Amino acid sequence: MDLDDTPDQAAWRTEVRQWLARHQSDAPPARGDFEDPAYVEVRRSWQRSLTEAGLVGVTWPEEHGGRGRGPVDQVIINQEMARAGVPGHLDVIGIGLMGPCIIAHGSDEQRARYLAPMLHGDEVWCQLFSEPAAGSDLAGVQTRAVEQADGSWRLTGQKVWTTSAQFAAFGMCLARTDPDAVKHQGLTMFIVPMDAPGITVRGLRQISGEAEFNEVFLDDVTVTDDMVVGGVRGGWKAALTVLMFERMMIGAGAETIGFRPDRVATALAAAGADDPRVCHRLGELTAELLAVRYGGFRSLTALSRGQIPGPEAGLAKITTVNALIAAADLVCDTLGPGALTDEEWGYMTSFLPGLKSAGGTEQILRTTIGERVLGLPAEPRVDKGVPFRELRTRQIAEVAA
Amino acid sequence: MDLDDTPDQAAWRTEVRQWLARHQSDAPPARGDFEDPAYVEVRRSWQRSLTEAGLVGVTWPEEHGGRGRGPVDQVIINQEMARAGVPGHLDVIGIGLMGPCIIAHGSDEQRARYLAPMLHGDEVWCQLFSEPAAGSDLAGVQTRAVEQADGSWRLTGQKVWTTSAQFAAFGMCLARTDPDAVKHQGLTMFIVPMDAPGITVRGLRQISGEAEFNEVFLDDVTVTDDMVVGGVRGGWKAALTVLMFERMMIGAGAETIGFRPDRVATALAAAGADDPRVCHRLGELTAELLAVRYGGFRSLTALSRGQIPGPEAGLAKITTVNALIAAADLVCDTLGPGALTDEEWGYMTSFLPGLKSAGGTEQILRTTIGERVLGLPAEPRVDKGVPFRELRTRQIAEVAA
Amino acid sequence: MNFALSDEQEFLREAARDALGRVATLAAARDALEDPAAILDLWPVAVKAGWPGLLISEPAGGAGLGTFDALLVAERLGAVLARVPFIGLMPATALLDRAAHPCLEAVATGERRPVFVPARPPVSGAESWTVEDGHGRSAPAPRVIRSGAHPRLDGQAAYVIDAPDADLLVVAATDATGSPVAAVVDAMQVQPVAAYDASRSVGHVTFDNVPAELLDVDSAELTDAWYLVQALIAAEAVGTVEAALGVSVSYAKDRYAFGRAIGSYQAVKHEIVEVLRRLENARALQFYAGWARDSRPAEFPLAASAARSVAGNALDFAARAMINVHGGIGATWEHDAPLVFRRAQLTRRLAGGHADATYRVGQAVLHNPRLVTAA
Amino acid sequence: MNFALSDEQEFLREAARDALGRVATLAAARDALEDPAAILDLWPVAVKAGWPGLLISEPAGGAGLGTFDALLVAERLGAVLARVPFIGLMPATALLDRAAHPCLEAVATGERRPVFVPARPPVSGAESWTVEDGHGRSAPAPRVIRSGAHPRLDGQAAYVIDAPDADLLVVAATDATGSPVAAVVDAMQVQPVAAYDASRSVGHVTFDNVPAELLDVDSAELTDAWYLVQALIAAEAVGTVEAALGVSVSYAKDRYAFGRAIGSYQAVKHEIVEVLRRLENARALQFYAGWARDSRPAEFPLAASAARSVAGNALDFAARAMINVHGGIGATWEHDAPLVFRRAQLTRRLAGGHADATYRVGQAVLHNPRLVTAA
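Sequence order for the protein chains is A, B, C and D.
Residues 1 to 401 (the numbering used here) make up the first sequence, in order.
Residues 1 to 401 (the numbering used here) make up the second sequence, in order.
Residues 1 to 375 (the numbering used here) make up the third sequence, in order.
Residues 1 to 375 (the numbering used here) make up the fourth sequence, in order.
Errors might be hidden in some of the hints.
[Stated by the list, open to error] Computed list of lysine-lysine pairs in DSBU-like fashion (alpha-carbon distance at most 35 Å, straight line):
{"hint": "1", "chain 1": "D", "residue 1": "LYS253", "chain 2": "A", "residue 2": "LYS384"}
{"hint": "2", "chain 1": "D", "residue 1": "LYS253", "chain 2": "B", "residue 2": "LYS384"}
{"hint": "3", "chain 1": "A", "residue 1": "LYS237", "chain 2": "D", "residue 2": "LYS253"}
{"hint": "4", "chain 1": "C", "residue 1": "LYS253", "chain 2": "B", "residue 2": "LYS237"}
{"hint": "5", "chain 1": "B", "residue 1": "LYS384", "chain 2": "C", "residue 2": "LYS253"}
{"hint": "6", "chain 1": "D", "residue 1": "LYS253", "chain 2": "C", "residue 2": "LYS253"}
{"hint": "7", "chain 1": "B", "residue 1": "LYS237", "chain 2": "B", "residue 2": "LYS384"}
{"hint": "8", "chain 1": "B", "residue 1": "LYS237", "chain 2": "D", "residue 2": "LYS253"}
{"hint": "9", "chain 1": "A", "residue 1": "LYS384", "chain 2": "C", "residue 2": "LYS253"}
{"hint": "10", "chain 1": "A", "residue 1": "LYS237", "chain 2": "A", "residue 2": "LYS384"}
{"hint": "11", "chain 1": "C", "residue 1": "LYS253", "chain 2": "A", "residue 2": "LYS237"}
{"hint": "12", "chain 1": "A", "residue 1": "LYS384", "chain 2": "B", "residue 2": "LYS384"}
Everything labelled a hint here was simulated from the structure, so no lab data went into it.
These figures come from a predicted structure and were not determined experimentally.
Work out the full structure: start from the sequences and follow the hints.
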């Protein structure tokens with residue numbers, strides 16, 4: 001029971017820290033505007049430097065360009081980057097989720113073609129999963145992929161909540177290839193070049209006014225048959241791998257989602273430290289955030305022993321988002337209306353409500369955890385065993401009602 | 001828009017107040033032990049005095065011994081009783097719910113036989129609806145009533161959460177007469193003499209240690225066919241009438257369920273008035289209780305115009321119970337552990353959690369309100385249209401799962 | 001006992017709804033976040049509806065209506081996030097009317113627009129009258145200086161609702177002894193504040209030893225004006241919550257997930273019902289406040305504070321529930337939910353803030369528990 | 001990095017579970033509410049398991065284990081509401097061990113049972129060390145008087161956990177300058193308190209100028225002892241929450257309503273998942289506190305306060321959820337839920353109360369935000 005580095009971890013931390021000490025001055029600012037191609041470009045070249053130093057994809061197997069290290073070593077990189085105040089690699093989605101998916105389900109050709117440019121930031125990836133009518137209910141995706149006589153596929157549909165789409169080279173797209181199958185079984189995963197004819201990317205502005213995400217429209221986009229990942233009708237299985245790696249990213253500690261509780265405390269200390277109400281509210285939310293931090297160390301220990309995190313990893317996200325909402329609320333109550341137009345607190349206030357449903361609503365998460373972790377009985381599923389084609393999303397429920 | 005009495009209401013208030021001024025000294029203490037027959041007896045004789053003064057069942061039609069007055073006049077009685085610090089009539093269940101049910105669904109003979117002794121407190125009534133496996137899901141009652149060759153019925157089953165059963169003369173019992181019908185349709189309402197052979201009453205102690213309620217066991221209890229209220233298979237309709245009058249009782253303001261917010265404030269003022277945290281928490285719960293009070297006046301206005309309250313009346317109960325839980329919590333936080341063994345605060349702390357599910361859980365209430373008031377779509381009902389006999393409560397869900 | 005709207009009140013509310021229904025207020029609230037030029041001037045709508053004269057007595061050219069009526073109009077403004085300078089207007093007209101000020105007729109016709117600059121009355125005797133300092137702290141209310149021939153006003157107040165572009169300000173100030181006085185000025189500096197909620201006009205006002213006219217109103221009337229602001233904010237929030245509830249209910253009926261309308265799921269249903277519960281409570285207190293100011297003035301501070309506390313929390317909850325029910329799409333710029341959210345967040349921090357209102361409820365009953373003795 | 005139990009720790013936990021599994025602790029907790037004679041004496045169980053010597057160093061006859069281990073035992077005690085005087089015992093043995101007190105061997109063998117009488121360390125420098133006065137207020141800690149040949153102790157403390165029937169008390173007292181000192185006394189008056197939770201032994205202690213022996217421990221060690229109490233209360237609550245969760249989950253699987261197991265309804269399911277969320281958080285902080293006391297002592301006050309705050313709230317929530325999930329039956333005397341509820345309500349108010357712990361977390365980070373800077 002300790003949080004200190006093992007000798008091996010300590011050596012790794014030193015290696016990372018020393019490299020950063022030498023190259024920190026080349027790093028771009030940690031926050032910037034991804035709508036600005038120049039900023040994307042400096043971040044891309046920073047990723048390239050990190051990759052050349054062996055600091056990207058360290059948990060990937062060595063044969064695929066990684067270093068076969070454990071998740072704690074990745075966390076050490078994250079900690080050292082944060083400590084140095086420099087950003088990590090640009091392509092978080094690719095390195096964290098899409099690469100592992102290709103490693104797990106891709107063909108040898110796909111691995112050979114895509115992994116190295118991904119690692120180097122030459123080709124950034126995005127995730128084309130969610131749709132306007134398939135968010136929490138991901139298996140309900142309606143984007144159609146129809147096979148052509150020459151074996152190629154034509155994709156048509158609309159994706160949403162896509163990070164990095166505006167500068168990504170490829171997207172990993174979950175599409176329906178067999179509408180006669182029941183909903184989870186008729187899906188296939190495709191690699192889609194984002195510059196293919198028929199693709200339109202549109203920024204999706206959030207409450208804050210910033211376009212954190214994009215909508216991606218696919219209008220008869222043709223991809224060749226070698227772009228299928230994990231086989232035709234193997235889409236759901238590939239998607240589950242991605243969701244599992246998503247949980248691992250959470251488990252490895254996205255502790256404060258970019259917001260720093262020490263800054264909250266500092267702001268409050270300057271403004272309202274003498275009010276016991278402020279102190280009490282700060283105490284409540286701080287205790288929750290500390291719980292997430294130390295719960296994260298528990299998850300990370302399990303992860304480093306090869307245990308795959310279950311859906312309960314989502315509890316940390318629920319706690320974090322709600323504690324940060326409480327923090328933003330407290331700061332604004334204490335600092336007054338001016339806090340809302342302050343860059344840091346106004347952004348925090350505006351950003352968090354959207355985060356509540358990112359990656360599935362809090363309610364779906366709770367349902368999943370109740371059923372999978374606690375073994376509570378499932379709700380009656382009216383869509384079970386029904387071919388997707390017949391699952392006219394509206395009608396089935398009306399029949400059941 | 002005013003809360004002042006109309007001239008007619010003012011005259012009525014004067015009448016009530018004057019009577020009370022003359023008879024107040026005869027009144028029993030407002031709180032006592034209903035396990036003690038002597039206390040029940042003085043309450044019974046107090047009800048008789050009230051009835052002779054025309055102060056019981058004032059909203060009942062005159063032909064049935066009431067005074068045909070509006071609900072506001074009943075509220076005026078309640079207010080004046082509270083003001084004088086004397087208890088109201090003993091048989092709250094009979095006068096408020098069972099009498100109106102007999103008036104609505106009973107035969108002329110039943111009205112002639114039962115209403116007058118009920119009004120005078122000679123025969124107290126209890127409500128035999130809920131069962132261990134049919135609480136929130138009231139239509140799921142399993143108590144069986146089997147018709148005999150001579151037209152009489154034999155009842156067997158177990159009822160629970162029964163107030164006044166230990167000294168009641170009659171119970172209004174919802175039982176299943178037709179297990180082959182779907183669940184709401186096979187029910188019949190019976191009047192059951194509580195001294196009939198086969199009836200056992202057992203006190204059901206709550207967290208506080210007091211037996212607020214009873215369990216009632218019916219073991220082959222015979223009742224004659226003239227005890228059916230509202231016809232065979234008319235039980236659910238009669239039960240709905242009772243539930244509606246229950247809502248009217250709430251709507252007419254069971255504002256604080258016996259706990260007085262002014263006493264909470266007084267206790268806190270003596271102990272912790274200087275702490276802004278106490279003040280804030282007291283402010284929050286007081287505002288909620290004030291909302292219930294003035295919302296009650298809105299309901300009462302509607303009621304006095306002949307509008308029947310909908311399920312939204314339950315929102316007032318939800319608010320009240322939760323605000324009082326917050327009040328008990330605040331008092332105990334402020335006064336320390338000693339408050340828990342204090343008669344008033346310890347009792348309040350212990351009493352309230354049970355109240356949350358009294359009359360259906362808070363969750364069922366919210367579901368009903370969502371569907372009936374806001375028109376939100378119903379949950380899939382797996383028990384719909386299924387004969388009760390086949391509704392082996394366990395199996396059906398397993399099939400559906 | 002009659003705790004329901006009269007026919008005239010129903011009519012007033014409908015008329016307000018109609019008048020506002022002809023303007024695309026929500027689109028304007030969104031557009032104005034980026035482009036101040038997109039702000040709609042709704043003053044002509046208000047004037048046409050006769051709102052400036054609502055609380056002004058009939059002889060002075062007003063409609064002579066009551067607090068309850070004013071709250072009904074505020075509720076309708078809240079329902080469509082209309083940028084009408086109503087919260088600043090009503091207390092100003094009430095004070096001018098009490099003082100029988102000569103400008104009343106011009107005010108009632110909408111020719112001159114007065115705005116109230118509120119100051120917080122002290123909770124206990126030891127405290128003083130305060131305003132916002134712009135950083136979440138209290139500052140002394142502006143001071144009236146009587147040294148010269150004419151009284152002059154000096155000081156400032158931050159985040160004053162509706163202050164930008166007003167024709168005259170009715171200022172809750174204090175005199176040399178700290179006693180409250182009402183000062184009317186028309187020579188003020190108002191610095192409009194880029195607001196988080198563009199459907200609300202807010203500004204910092206500075207009085208640099210400017211000439212002021214003192215109104216013949218007393219401390220109780222200035223206290224009342226503060227609580228009137230609280231009640232108006234509450235009523236406005238009630239309208240917003242009602243609108244948010246309506247949108248959430250519709251969406252929950254229409255949107256399907258896992259083969260069912262999402263409103264059939266308990267989690268969604270119960271969250272929406274919680275909005276309803278809070279709405280009903282807030283409305284009950286709106287009624288209480290509206291009735292109390294005219295019929296039980298001693299209870300008005302409690303009623304107005306309770307109304308603001310409950311309505312403010314209801315609005316915050318309703319805005320977040322609206323976003324939650326809509327899933328990710330509810331948090332996007334094009335949706336109306338963020339406008340409700342912005343309204344909730346800014347308004348909770350104005351005019352003393354919702355926490356101050358809650359605190360005042362607690363203080364009131366701690367000092368006088370009889371206020372909550374069952375009637 | 002390794003933030004998991006060692007095999008030895010797993011074994012210790014299992015052994016505690018086994019030892020307690022042989023006693024009908026819940027039935028005793030219920031019966032004792034009515035009949036104090038029904039109280040089970042679990043001290044022999046504790047002695048047999050070696051718990052008195054858990055924190056006593058090996059040369060002095062103890063097991064020389066760490067804080068983390070003590071918290072694991074507390075967790076198991078909480079799971080079955082066992083009336084073992086463990087919370088009072090651990091800090092007492094820790095202080096006696098620091099001072100290498102001659103009674104240690106008798107303590108380790110269970111022959112003599114010491115109990116700690118805690119005093120709240122001041123949050124800021126201007127405050128003093130305090131105890132409960134029995135009415136929810138603070139009173140000065142007992143005072144050590146050094147005027148005569150031998151030190152004497154005077155004063156009182158209310159609601160001291162585990163005090164009844166103790167053989168000696170280790171008292172956090174103050175000297176004439178207000179500095180904290182630890183005094184050992186065996187001539188005390190302890191008035192047992194009829195407790196709301198009969199599974200917990202509580203008493204008021206009075207020291208009427210009694211002879212006292214001073215321990216050679218410093219202010220930091222007495223501060224640490226206060227926070228050790230907090231951490232023990234937290235760990236105990238973790239065990240209770242885990243047990244309550246288990247019962248709630250089973251019932252939600254078995255009980256049917258409207259033709260479905262009630263656990264299939266979102267409202268029930270999500271409430272139970274909320275218990276899990278709070279349990280996981282409380283357990284993470286139990287780990288933090290257990291680790292910090294031995295490895296990062298400067299963070300221990302923060303860790304212990306956070307653990308108590310989160311675990312106390314988790315227990316209150318879990319107890320109420322357990323009642324809710326069970327419907328009416330969960331609020332009846334025969335059910336176990338009321339026992340959990342009583343435990344939650346009483347314990348939240350002991351040893352400073354959960355609100356004080358929360359407040360201390362806030363104070364700690366306000367004064368030193370770096371405590372929550374990402375590692």
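Against the structure, the hints come out as follows:
Proximity of LYS253 of chain D to LYS384 of chain A is assessed by CA-CA distance (about 21 Å); at most 35 Å being required, the pair is judged to hold. With a C-alpha separation of about 21 Å, the suggested pair LYS253 of chain D and LYS384 of chain B falls inside the 35 Å cut-off, and the hint holds. About 29 Å separates the Cα atoms of LYS237 of chain A and LYS253 of chain D, which keeps this hinted pair within 35 Å; it holds. Proposed proximity of LYS253 of chain C and LYS237 of chain B is supported: the alpha carbons are some 29 Å apart, at most 35 Å.
A hinted pair counts as satisfied when its Cα atoms are at most 35 Å apart, and LYS384 of chain B with LYS253 of chain C qualifies at roughly 21 Å. Between LYS253 of chain D and LYS253 of chain C the alpha-carbon distance is near 29 Å, which keeps this suggested pair within the 35 Å criterion. Note on LYS237 of chain B and LYS384 of chain B: the hinted pairing holds, with a Cα-Cα distance of about 18 Å set against a maximum of 35 Å. Taking the CA atoms of LYS237 of chain B and LYS253 of chain D, the gap is near 32 Å; set against the 35 Å cutoff, the hint holds.
Between LYS384 of chain A and LYS253 of chain C the CA atoms are separated by roughly 21 Å; this keeps the pair inside 35 Å, and the hint holds. Our distance criterion of 35 Å between C-alpha atoms is met by LYS237 of chain A and LYS384 of chain A, whose separation comes to about 17 Å. Annotation: proposed proximity of LYS253 of chain C to LYS237 of chain A holds, straight-line Cα distance about 32 Å (limit 35 Å). A C-alpha spacing of about 19 Å is found between LYS384 of chain A and LYS384 of chain B, which places the hinted pair at or below 35 Å, so the restraint holds.
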